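2 protein chains.
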Amino acid sequence: MAQYVLYNCGPSGNCYKVRLFAALAGIPLKILEVDLAGGEHRQPAFTALNPWQQVPVLQDGEIVIWDSQAILVYLAERYAEPEWCPPDPLSRARVMQWLSVSANEIQHGPADARLVRKFAYPLNYDHAVRLSSHVLTTIDAHLADREWLALHLPSIADCAAYPYIALAPEGGISLEPYDAIRAWMARIEALPGYVPIGS
Amino acid sequence: MAQYVLYNCGPSGNCYKVRLFAALAGIPLKILEVDLAGGEHRQPAFTALNPWQQVPVLQDGEIVIWDSQAILVYLAERYAEPEWCPPDPLSRARVMQWLSVSANEIQHGPADARLVRKFAYPLNYDHAVRLSSHVLTTIDAHLADREWLALHLPSIADCAAYPYIALAPEGGISLEPYDAIRAWMARIEALPGYVPIGS
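Protein chains in written order, with my numbering: chain V, 1 to 199; chain L, 1 to 199.
It is worth saying that the hints were derived from the structure and are not from the lab. Note that the structure is a prediction, hence the values are computed from the model and not measured. Even for Gly, the Cβ is constructed at its ideal location relative to N, Cα and C. Mixed in with the good hints, there may be bad ones.
What the hints assert, rightly or not - Across the chosen pairs, the derived CB separations fall in these ranges:
(1) L:His134 x V:Gln59: 20 to 28 Å
(2) V:Lys30 x L:Leu191: 39 to 47 Å
(3) L:Leu153 x V:Asp88: 17 to 25 Å
(4) V:Pro196 x L:Pro28: 42 to 50 Å
(5) L:Asn124 x V:Asp88: 35 to 43 Å
(6) V:Ala190 x L:Leu153: 40 to 48 Å
(7) V:Asp35 x L:Ile63: 43 to 51 Å
(8) L:Glu176 x V:Ala186: 51 to 59 Å
(9) L:Ala190 x V:Gly193: 43 to 51 Å
(10) L:Asn124 x V:Pro196: 27 to 35 Å
(11) V:Gln59 x L:Lys118: 35 to 43 Å
(12) V:Arg78 x L:Ala190: 30 to 38 Å
Construct the entire structure; sequences and hints are all you get.
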């Protein structure tokens, strides 16, 4: 099977979304580390791949995809079993709801809190903590009577949402109050092929 | 043709994404106004539809979809010509890239700036203006040699990105420096069925 190149940064939860899904779906990735601390993502060689100057980026031959959610959609539809992103309109919409939450609310809640605490980004920590509380409370209620976020089986929606929720404690946000979220995380961590972020 | 119910708020750019796409694709919508000023979105009848307490929400019989991007995916795949969201993996990924940008960068740049200026939301205006400059500069460069954001024809990606870019001046952000964006906006506004936000 061919290998696809993932431009990666180890501690990035957005990159981990892709590595996690690829591991669960059995898709081999060739990992290329991008030196964010050294500013490699702002150099012309990288901005030609992604003008947003962000990892992850996927390269599959001539095809280049940026944005972690878009990479999940591409890999799922081209190389994975259809269960990960089923083709019917309602399943697609259910998955899309959680890809949006991952790109917006989870990013600006727990992910931003972690950027401040762990990487000293100049963002508003209190705002990120307040948003995290709203996000985690809403997701916990959603998961109270569901096994997976979007569908009856694990999907790319779970792979998109899991990393920055699991990493929330690195942003000073405890997951202790959220029983349903912790049970959902345990289900993901028990899936065959699961890899933690540091692997 | 059946009508689908859109829970709507007139000035919301996220609701306008759906009204614009439905108008362009010829999908009839029954519009129900939600009284955000009166807090209707925080009442149990509404939060049962959308626990995120946000408009838009689409109701199609028993099916309820929240999140503007997810509603675009659902309507396009169920009721529109395939050109609006083509089924091949690469097209899906290209569209998804711009749905993520619409949910994240455009939302927290020009849309947040407008929330502060027009609706007095307690957000960081300077941060929104800085992000807007980055977002609009990046999109303008992307559109310099393209007619549409994601594909060779207009897609739901254009419908997702257009509203809060077109509304940027209401947030105090001029579009004057962005020639390619203004040309793209004119192409959207010339599409058969186009409706402005206030229609």
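ask   = Which numbered hints are broken by the structure, listed smallest first?
value = Failing hints: none at all.
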